[in-house]
Amino acid sequence: MLAVPKRTHIHPLERRILLKHADDPQYDVSIDCYLRHGGYAELRKAAAMPPEQIVQEVADSELRGRGGAGFPAGMKWKFLDRKSGKPVYLICNADESEPGTFKDRQLIHKDPHQLIEGMMITAFAIRAKLAFIYIREEMPLGARILEAAIAEARRHNLVGDDILGTGFACDIVVHRGAAAYICGEETGLIESLEGKRAYPRIKPPYFPAAIGLYQCPTIVNNVETLCNVKHIVALGGKEFSRIGTPGNTGTRIWCLSGQVRNPGYFELEGGRHTYGDLIYRMGGGLREGRALQAVIPGGTSAKVWRAGERFTGKLRNGDPFNWGIEDVPLDFDGPMAAGSMSGSGAVIVIDDSADIVEVLANINAFYAHESCGQCTPCREGSLWMRKITSRMVGGAARPEDADLLAAIGDQIAGRTICAHGEACAWPTQSFVAKFRDKFTAKAGEDPERARSRSLRLV
Amino acid sequence: MAADLPPETLQAIDGLIARYPQARSALMPILHAIQKEQGCISLEMQEWAAAQLGLTPIQVREVVSFYPFYREHPIGARHIRVCRTLSCALNGGYRVCDAFKSAFATELGEVSPDGRVTVEFAECLASCGTAPVALVDDVLHENLTDEQVAAICEQIKRDTPARPAPPAPDNA
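Sequence lines, in order, name chains B and P. Counted from 1, the first sequence has number 328 at position 313 by the working numbering; the numbering is strictly sequential. Counted from 1, the second sequence has number 76 at position 51 by the working numbering; the numbering is strictly sequential.
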């Protein structure tokens with residue numbers, strides 16, 4: 016039996032729905048185990064429902080996509096072009112690559128049939144001809160677990176031809192990536208699945224729901240989003256929407272990492288907790304003798320927060336807010352109000368032992384490596400930002416570097432085909448804006464000291 | 026052109042093509058199969074893959090050259106990929122990488138002198154909660170300490186026979 020280590024301590028603040036069984040030491044990835052726990056009951060239920068009703072339940076649930084953008088899943092499905100008569104495809108985006116994110120890993124490795132059930136319900140709902148799971152190359156065990164689980168489900172008539180005797184047919188193909196971050200961008204993923212370089216497509220006007228894989232209508236959803244579909248069918252959309260808060264329904268799996276005592280993943284009801292709860296109550300706070308320096312609230316492409324800063328303004332309902340980092344609601348809207356984003360739910364804690372310029376240099380190296388090269392501002396700009404921050408770290412910083420970096424970032428965001436432009440510009444723009452004093456001070460640093468640092472990040 | 030691949034791999038490749046509505050989609054899995062079997066994807070095999078799918082060789086090479094995982098030159102017997110990205114780096118990823126390199130007296134991306142390993146950095150292995158991490162071939166090692174890295178290196182040296190590279194030709 017293929018298995019990964021389990022995390023036996025589940026924090027009392029968690030509300031586990033998607034991960035309900037995942038860390039149970041007795042629970043395994045076999046279909047027998049899944050069926051013993053009531054698995055595939057929702058697929059049976061969905062198979063007896065009109066497809067439009069499943070779509071409506073997902074719309075009613077107000078489920079927002081868990082891949083990063085937070086777009087309502089039901090609305091995405093409703094955009095599907097059904098008039099063209101072309102086949103419809105479903106793609107599960109399992110390219111989990113945003114630095115700081117490791118939630119889909121848990122769902123794939125510990126409860127693969129939940130994902131398969133969610134996908135087949137979705138396939139029923141959108142009348143998909145064929146479904147794909149695009150899984151990143153660096154999860155070889157995950158790919159094997161999924162292949163084995165799909166084969167089991169096929170033998171049980173839950174995937175493949177004539178599913179549950181309904182006459183509906185849809186198979187699932189596991190497609191492995193090859194270590195390119197840009198494949199997480201849905202149109203880049205589609206190009207990759209077509210056997211090409213993963214160059215993202217220009218959108219609008221045509222989104223994948225209208226013109227996607229093989230120029231056919233295609234729905235691309237994240238692993239966590241698709242797993243939720245099963246629970247929406249179980250509860251009904253309206254009932255599901257009572258979990259969490261309006262606009263942040265259901266649970267979300269938050270990933271806490273970096274320089275914190277107890278890193279890990281925590282499934283939490285939407286809007287009921289704060290970043291402070293996650294970092295201090297669940298994560299145990301900073302390590303001995305360390306102070307908070309910064310928090311990246313939603314994957315490394317999210318704009319950074321500096322310890323001690325205050326966020327003020329008015330919420331959409333008109334209520335004023337005045338938050339420190341620890342007060343920001345752990346949901347889609349809180350980080351947005353605080354000038355950043357929750358992205359893929361990846362929270363990275365940085366303490367005062369790290370050189371903040373070096374943190375940015377590490378991030379810049381990532382985005383420069385991962386730019387697909389299609390658009391000049393991103394291809395060249397990400398490289399320049401990497402080169403400048405690496406030079407600064409190496410003891411050759413100049414007083415004008417902060418302005419230069421900010422100027423490069425400003426010339427990338429909004430000028431590229433896909434959001435990688437923003438993803439690579441936002442860290443530089445926000446780090447320089449929030450930590451200008453540290454970037455400026457670098458110019459006076461003793462090169463010898465710069466070279467002899469104990470914690471290297473580039 | 027005949028491919029130097031075992032019959033079961035050739036059969037698997039036929040199956041791969043049949044899985045997709047359009048043959049070209051099978052390109053990445055075919056490249057995976059070739060690289061798994063031969064350690065890298067030579068220009069000859071790229072031409073072979075193109076012929077299987079009715080593509081031009083350049084349509085294959087642009088894919089091989091785009092994706093970091095595909096390579097045109099062989100690497101060491103074992104492939105060590107240390108996560109370089111932020112959460113791992115904040116928890117000693119660079120030190121882990123240095124330890125692997127020094128255990129095999131090698132540099133990043135090179136074949137070690139004993140031929141046993143190639144050590145590379147990987148960009149975020151999506152296991153940030155158990156940083157620092159490294160993939161050794163298909164196995165993920167988490168929460169790496171100096172002792173664990175040393176143990177992994179010892180294990181590799183026990184399990185994997187040395188196969189030093191032949192001396193480079195003079196006209197290289």
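One should not assume that every hint holds.
[Stated by the list, open to error] The calculated label-pair distances, taken between Cβ atoms and stated as ranges, are: (1) B:Arg305 <-> P:Gln47: 49 to 57 Å; (2) B:Met90 <-> P:Glu135: 25 to 33 Å; (3) B:Pro20 <-> P:Glu135: 30 to 38 Å; (4) P:Ala76 <-> B:Arg468: 50 to 58 Å.
[Stated by the list, open to error] Calculated lysine to aspartate or glutamate pairs in the EDC-like style (CA-CA distance at most 20 Å, straight line): (5) B:Lys402 <-> P:Glu179; (6) B:Lys98 <-> B:Asp75; (7) B:Lys21 <-> P:Glu179; (8) B:Lys211 <-> P:Asp163; (9) P:Lys126 <-> P:Glu72; (10) B:Lys211 <-> P:Glu179; (11) B:Lys21 <-> P:Glu167.
Don't read these hints as lab results, they were simulated from the structure. It should be emphasised that the depicted structure is a prediction, and the values quoted were computed from it without experimental measurement. We put the beta carbon where it would ideally sit given N, CA and C, even for glycine.
Against the structure, the hints come out as follows:
no.	hint	result
1	B:Arg305 <-> P:Gln47: 49 to 57 Å	54 Å, holds
2	B:Met90 <-> P:Glu135: 25 to 33 Å	50 Å, violated
3	B:Pro20 <-> P:Glu135: 30 to 38 Å	32 Å, holds
4	P:Ala76 <-> B:Arg468: 50 to 58 Å	53 Å, holds
5	B:Lys402 <-> P:Glu179	36 Å, violated
6	B:Lys98 <-> B:Asp75	24 Å, violated
7	B:Lys21 <-> P:Glu179	26 Å, violated
8	B:Lys211 <-> P:Asp163	25 Å, violated
9	P:Lys126 <-> P:Glu72	35 Å, violated
10	B:Lys211 <-> P:Glu179	40 Å, violated
11	B:Lys21 <-> P:Glu167	13 Å, holds
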